[in-house]
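Engineer: Residue numbers (the working numbering), protein chains in the order written: chain A, 229 to 345; chain B, -18 to 93.
Everything labelled a hint here was simulated from the structure, so no lab data went into it.
Owing to the predicted nature of the structure, the values given are computational and were not obtained by experimental measurement.
A virtual CB, placed ideally from N, CA and C, is assigned to each residue, including glycine.
Treat the hints with care, since some could be wrong.
As the list claims (entries may be wrong) - Straight-line alpha carbon distances no greater than 27 Å define the calculated DSS-like cross-link-like pairs of lysine-lysine that follow:
1. A:LYS331 / A:LYS243
2. B:LYS23 / A:LYS239
3. B:LYS49 / A:LYS306
To be verified - Here are some of the chain B residues that sit facing chain A, going by a computed Cβ distance under 10 Å:
4. GLN(-13)
5. LEU25
6. GLN32
7. THR39
8. GLY76
9. LYS80
10. ARG88
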Amino acid sequence: GAGVSQTPSNKVTEKGKYVELRCDPISGHTALYWYRQSLGQGPEFLIYFQGTGAADDSGLPNDRFFAVRPEGSVSTLKIQRTERGDSAVYLCASSLANSGTGKNGYTFGSGTRLTVV
Amino acid sequence: KQEVTQIPAALSVPEGENLVLNCSFTDSAIYNLQWFRQDPGKGLTSLLLIQSSQREQTSGRLNASLDKSSGRSTLYIAASQPGDSATYLCAVLSGGYNKLIFGAGTRLAVHP
Chain A
229 GAGVSQTPSN KVTEKGKYVE LRCDPISGHT ALYWYRQSLG QGPEFLIYFQ GTGAADDSGL
289 PNDRFFAVRP EGSVSTLKIQ RTERGDSAVY LCASSLANSG TGKNGYTFGS GTRLTVV
Chain B
-18 KQEVTQIPAA LSVPEGENLV LNCSFTDSAI YNLQWFRQDP GKGLTSLLLI QSSQREQTSG
42 RLNASLDKSS GRSTLYIAAS QPGDSATYLC AVLSGGYNKL IFGAGTRLAV HP
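Put together the whole structure using the sequences plus the hints.
Structural biologist: The following block contains the structure:
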């Protein structure tokens, strides 16, 4: 597609429930990233995919968070047993692979605002 | 560990002023530095990308400079307009190409 698409744009869930957040990257972008942004803060790295595999998941806060990208395109971020502290905007970005020159920038989606009540 | 700091945290200026937003980073081993704009409740819009081998980039009324050795970047906005009101985020790509590390942003308000 023309841009990075994230669905839903807003999600309200009860504490303890399971949620899935979807990201559809720009066609041809092999790299996909998930970030989390709390109010008044910059986005924080969660996980990076190169193709189908998670190349770096060091930003996932705990084992309740998991992400997949089974066909190397669409990715789903899954959160189990949601807690109120998980409330934030979850941003997805994609890019062409950076070969070491740093010439490829990220394109971000509009985010999913998750509210856990 | 790479840390990015943006100063000031907030800025309010009258329309027409030229202004400078500052960004500093602790580890000079970066691949690029990017400036983004974020409107309330929206995602991030890329403004400028400076590769580590470059010193500056320009787009319209925006000019961004990079001094990698001192760990600093500035975003210069000429002749500011109310439509420039937004949060401006600075981010560096470092640590194996796959982590964009963000500052907390500068909230800019340009009043008529």
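Engineer: A separate judgement is required for each hint: does it hold in the structure or not?
Structural biologist: Hints, one by one, checked against the model:
Proposed proximity of LYS331 (chain A) and LYS243 (chain A) is contradicted: the alpha carbons are some 42 Å apart, above 27 Å. For the hint linking LYS23 (chain B) to LYS239 (chain A), the alpha-carbon distance of about 15 Å falls within 27 Å, and the restraint holds. A C-alpha spacing of about 37 Å is found between LYS49 (chain B) and LYS306 (chain A), which places the hinted pair above 27 Å, so the restraint is violated. With 10 Å as the threshold, the beta carbon of GLN(-13) (chain B) comes within range of chain A, its nearest partner Cβ sitting at about 8 Å, so the hint holds.
A cut of 10 Å between beta carbons decides the hint on LEU25 (chain B): the least distance to chain A is about 4 Å, and the hint holds. Hint status for GLN32 (chain B): holds, given a least beta-carbon distance of 5 Å to chain A, under 10 Å. This hint is violated: THR39 (chain B) has a C-beta 16 Å from the nearest C-beta of chain A, more than the 10 Å allowed. Checking GLY76 (chain B) against chain A: minimum C-beta separation of about 9 Å stays under 10 Å; hint holds.
Interface restraint check for LYS80 (chain B): the shortest CB-CB distance to chain A comes to about 5 Å, inside 10 Å, so the restraint holds. Against a cut-off of 10 Å between C-beta atoms, the interface hint on ARG88 (chain B) holds, since the closest Cβ of chain A lies about 9 Å away.
The earlier numbered hints that this structure contradicts are 1, 3 and 7.
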